[in-house]
Amino acid sequence: LGDVYKRQMQHLSEIAISTTDVEADIATKQQEQLQLQVECDEATQKLTEAGDELVQATKEVDEYAHANMLHNQSLQSMEMSLSSLNQQHTALLVASNTNSVEMTNARAAAITGIDGQITPLRERITATRTLLATSSTDLATARSTRTNAQSRVTAATRGKNNKNRELRTLNGPVSYTHLTLPTNREV
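If you count the sequence shown from 1, position 100 lands on 100 in the numbering used here, and the numbers rise without skipping.
A couple of the hints might just be wrong.
[What the hints assert, rightly or not] Taking lysine-lysine and the DSS-like style, the derived pairs with C-alpha atoms no more than 27 angstroms apart in a straight line are:
id: 1; residue 1: K59; residue 2: K46
id: 2; residue 1: K46; residue 2: K29
id: 3; residue 1: K163; residue 2: K59
id: 4; residue 1: K29; residue 2: K160
id: 5; residue 1: K163; residue 2: K46
Think of the hints as simulated: they come from the structure by calculation, not from any bench.
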């Protein structure tokens, strides 16, 4: 009876050690889950921030593209007006001479009036070309910023998906096959 009692006590101490191992494994797994959950939350925050940056960058691209379009339309309109004024100017200069002083004076007044319109129009065209060049540069910069923001969203999405996958894997079934418990025969 003494040997049986000793064996039972030995097996009970093995069970106690095994239970301690299981509790340690559970505590470790809980700590890992907590750490992964924090990392998942951080990845979600990064994704949110990257998404906000992408929205802002897209808005800026749209604004600069619209400004570019308006400057371009304005420039085309002014260039058409300048072309028309130049044609009128040329037509008045090559008009046949008339003996009438009134006609000559009227032509001279018309030429002066057209000249008065051409100079400020050329200045506005030059200024608009400068605005167009600036807005084109701003548009290129905004597009680059948007591309970078898209890359950050992609990276943040991958990071979040990876952390979620790790968390799901960690939350999977637990195996304690490495632990051996005594059988009834051994007891």
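We went through each hint and held it up to the structure:
no.: 1; hint: K59 to K46; verdict: 20 angstroms, holds
no.: 2; hint: K46 to K29; verdict: 25 angstroms, holds
no.: 3; hint: K163 to K59; verdict: 30 angstroms, violated
no.: 4; hint: K29 to K160; verdict: 20 angstroms, holds
no.: 5; hint: K163 to K46; verdict: 12 angstroms, holds
This entry does not satisfy hint 3, going by the numbered hints stated previously; all others are met.
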